[in-house]
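S.K.: If you want the building blocks of each chain, they are given just below.
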Amino acid sequence: MPLDLICPAGSLVSLKAAVDHGADAVYMGFRDNTNARAFPGLNFDEAQAAEGLRYAHDRGRKMLLALNTYPQPDTWSRWTGAVDSAAKLGMDAVILADAGLMRYAVRNHPQLRLHLSVQGSATSYEAVNFYREHFGIQRAVLPRVLSLPQVEDVVKHTGVEIELFGFGGLCVMVEGRCLLSSYCTGESPNSAGVCSPAKAVQWKETPTGLESRLNGVLLDRYGKNEKAGYPTLCKGRFEVGGETYYAIEEPTSLNTLDLLPEMLKIGIAAIKIEGRQRSPAYVAQVTKVWRAAIDAVKKNADAFKPTPTWQAELNKLSEGQSHTLGAYHRPWK
Amino acid sequence: MNLSLGPLLYYWSRDDVIAFYDEAKRWPVARVYMGESVCSRRHLLRLPDWLELAEQLAAAGKEVVLSSQTLIESESDLKTLRRIVSDSRFRVEANEWGAVRLLSEAGVAFVAGPTLNVYNPETLDVLAALGAQRWLPPVEMSHATLAALLERAPTGMETEVFAYGKLPLAYSARCFTARHYNLPKDDCQFRCLDHPDGLPLSTREGAPFLTLNGIQTQSAGVYSLVGELPALRGLGVASLRLSPQSRHLGRVVEAFAAALAGEVPAPATLTRFMPGPPVDGYWHGRAGLEHAGLMHISEKHV
Chain B
1 MPLDLICPAG SLVSLKAAVD HGADAVYMGF RDNTNARAFP GLNFDEAQAA EGLRYAHDRG
61 RKMLLALNTY PQPDTWSRWT GAVDSAAKLG MDAVILADAG LMRYAVRNHP QLRLHLSVQG
121 SATSYEAVNF YREHFGIQRA VLPRVLSLPQ VEDVVKHTGV EIELFGFGGL CVMVEGRCLL
181 SSYCTGESPN SAGVCSPAKA VQWKETPTGL ESRLNGVLLD RYGKNEKAGY PTLCKGRFEV
241 GGETYYAIEE PTSLNTLDLL PEMLKIGIAA IKIEGRQRSP AYVAQVTKVW RAAIDAVKKN
301 ADAFKPTPTW QAELNKLSEG QSHTLGAYHR PWK
Chain S
1001 MNLSLGPLLY YWSRDDVIAF YDEAKRWPVA RVYMGESVCS RRHLLRLPDW LELAEQLAAA
1061 GKEVVLSSQT LIESESDLKT LRRIVSDSRF RVEANEWGAV RLLSEAGVAF VAGPTLNVYN
1121 PETLDVLAAL GAQRWLPPVE MSHATLAALL ERAPTGMETE VFAYGKLPLA YSARCFTARH
1181 YNLPKDDCQF RCLDHPDGLP LSTREGAPFL TLNGIQTQSA GVYSLVGELP ALRGLGVASL
1241 RLSPQSRHLG RVVEAFAAAL AGEVPAPATL TRFMPGPPVD GYWHGRAGLE HAGLMHISEK
1301 HV
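Taken in order, these protein sequences are the chains called B and S. Quick note, the first sequence lines up with residues 1 to 333 if you use the numbering used here. Quick note, the second sequence lines up with residues 1001 to 1302 if you use the numbering used here.
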């Protein structure tokens, strides 16, 4: 079916919330740096993964394992071990970014379904088809940098299912091609599974306002009436040419509800909701709204219009409480 | 170990580009990477112009490699990529996996660029099987990780390390230079031309942090491994990549050439020519903006 709803599960409670509120599939990671949300207290051990799988499968839903960081030479076996576990547990697919790890999966577990992670940075059908030909990937998650006509061009030229991000945190940079976090802190999504890691964050009340720093680098300073968000590096205020502003991106998040009819029309296989680091309540609410919206668009795409209630629900949950269509809508660029 | 001149990452006037490569003919670099690898809107030199310049550099005895565009977004980007791949005169540096597909289909040897994200020997082996003869690690890779990777690298694979310049850190669909001028990307008025070493970005307390270069974000700090030649030699690294900057690159090349010839570098000789503060944290497994190695060298020379 087109427009499957893929929801984040940072824990067993979130997984159940996603399944109960209508996710077609959930994605999760193991409790280490083999996935790009390697946060303390988050993710699954093998026993929890098995329980989650039972919960999802009993209800006819799928479970996908994100192994979407780049294996490091000294700890290569941690990633291959995770692929082995996924096959043993009966995961419906693994989401991979690294070509070497894909080759390992194909050679050792030919029955295991492979998805290309957004961290694989494939933005053209030539790149997507490369992974198809060499490793038999069934689906690719595209980075949040293409406009919808560009996405459509990819869909037309590949047999690989295309999955798009629909809601949640907005990466302004091509995923997998951003080292800003390691430049500032030593740890990047590619090599450590984290961006702007919490352990490098410092907050300080000063006479000129509340300051957020990442490994000592001043990311922003907030006035009395300003709401301070998590200090993600690319969403700070900086000085360029004598002006202080959000030089890279405002603290806003992605919401593509408005684009659902077009996504359906061009043949998008699945919509991904970002946020494995968010709470079970968040997952429940977002899943509920998106389930309703996807059901509505499938029923009658021409008459589809996001309801004010859905938008209000989602707005309450957003970072900075503002939304963008991101690169799908060309003027954003 | 020899020197490579990396691709020009900035947007310069046609005259400046021609003058730069004219000078480069006389520099002690074995290899020159050419072409537009950052933004398809930059058109003062089109592919035929680059190919003509490439011929001149080749005639001057340089090995020329054409660098492919890192972020491919449109059919016209793919068209340019196919033309680069089908030009059999020069090798190509693949900077994303679509280029790898086309190069391996064409059956030609290629260079695996630093944005292919090769973090382990297995992935390097995949690339070797597809025709890669030379590769560059991601710029964030430390000496220790590179050493571990190279222990199991495919035989005959040549390693090139980004060893000088502002670090290319990120790519986006958004143009941050156009954003600074409140211009839409599609009508950017080519403001990158005003910033031959990129547009500096500082923190709100004035500390240099990043450099905006159109859709690319670079470090404000200038990476330099001139003090790490023994370690690089020890790893069997074949070449050091020096990244173009608008002024004094000839002096930088000289300093590296002298260091390769055995002269012990005094840190100040190079820092004078840097368009930003020196950094080398990545090499030491630390935050990229730190400069542990340089302090270490200074201490040794005191």
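One or more hints might be untrue.
Unchecked claim - Cut-off 20 Å, straight-line C-alpha distance, at most; resulting in silico cross-link-like pairs (EDC-like, lysine to aspartate or glutamate): (1) 1025/S / 1015/S; (2) 156/B / 1077/S; (3) 224/B / 211/B; (4) 204/B / 1015/S; (5) 333/B / 1075/S; (6) 16/B / 84/B; (7) 199/B / 1290/S; (8) 298/B / 239/B; (9) 333/B / 1186/S; (10) 224/B / 1205/S; (11) 88/B / 51/B; (12) 265/B / 211/B; (13) 1079/S / 153/B; (14) 333/B / 1077/S; (15) 1025/S / 1254/S; (16) 333/B / 1187/S; (17) 156/B / 1075/S; (18) 62/B / 51/B; (19) 1079/S / 152/B; (20) 62/B / 24/B.
No lab work stands behind these hints: they were computed from the structure.
S.K.: Work down the list of hints and note, for each, if the structure agrees.
M.R.: Hint check:
1. Only pairs whose Cα atoms come within 20 Å are accepted, and residue 1025/S paired with residue 1015/S is accepted, the gap being roughly 16 Å.
2. Distance check on the hinted pair: residue 156/B and residue 1077/S sit about 17 Å apart at the alpha-carbon level, within 20 Å; holds.
3. For the given pair, residue 224/B sits about 11 Å from residue 211/B by alpha-carbon distance, which is consistent with the 20 Å threshold.
4. Of the supplied pair hints, the one linking residue 204/B and residue 1015/S is violated, its CA atoms being roughly 50 Å apart against a limit of 20 Å.
5. For the proposed pair residue 333/B and residue 1075/S, the alpha carbon gap of about 18 Å is at most 20 Å, so the pair holds.
6. With a C-alpha separation of about 24 Å, the suggested pair residue 16/B and residue 84/B falls outside the 20 Å cut-off, and the hint is violated.
7. The straight-line distance between the Cα atoms of residue 199/B and residue 1290/S is roughly 18 Å, inside the 20 Å bound, and the hint therefore holds.
8. A threshold of 20 Å between alpha carbons decides the hint, and for residue 298/B with residue 239/B the separation of about 46 Å lies outside it, so the pair is violated.
9. A threshold of 20 Å between alpha carbons decides the hint, and for residue 333/B with residue 1186/S the separation of about 8 Å falls inside it, so the pair holds.
10. With a CA separation close to 19 Å, the supplied pair residue 224/B and residue 1205/S stays within the 20 Å bound.
11. Restraint check for residue 88/B and residue 51/B: the C-alpha separation of about 14 Å stays at or below 20 Å, so the hint holds.
12. Annotation: proposed proximity of residue 265/B to residue 211/B is violated, straight-line Cα distance about 46 Å (limit 20 Å).
13. Distance hint between residue 1079/S and residue 153/B is fulfilled; the C-alpha atoms sit about 14 Å from each other, no more than 20 Å.
14. For the proposed pair residue 333/B and residue 1077/S, the alpha carbon gap of about 17 Å is at most 20 Å, so the pair holds.
15. As the CA atoms of residue 1025/S and residue 1254/S are separated by approximately 13 Å, the hinted pair is consistent with the 20 Å bound.
16. A hinted pair counts as satisfied when its Cα atoms are at most 20 Å apart, and residue 333/B with residue 1187/S qualifies at roughly 11 Å.
17. Of the pairs offered as hints, the one joining residue 156/B and residue 1075/S holds, with about 12 Å between alpha carbons and a cut-off of 20 Å not exceeded.
18. This hinted pair checks out: residue 62/B and residue 51/B have alpha carbons roughly 13 Å apart, not beyond 20 Å.
19. Proximity of residue 1079/S to residue 152/B is assessed by CA-CA distance (about 17 Å); at most 20 Å being required, the pair is judged to hold.
20. At roughly 6 Å between alpha-carbon atoms, residue 62/B and residue 24/B fall within 20 Å of each other, so this suggested pair holds.
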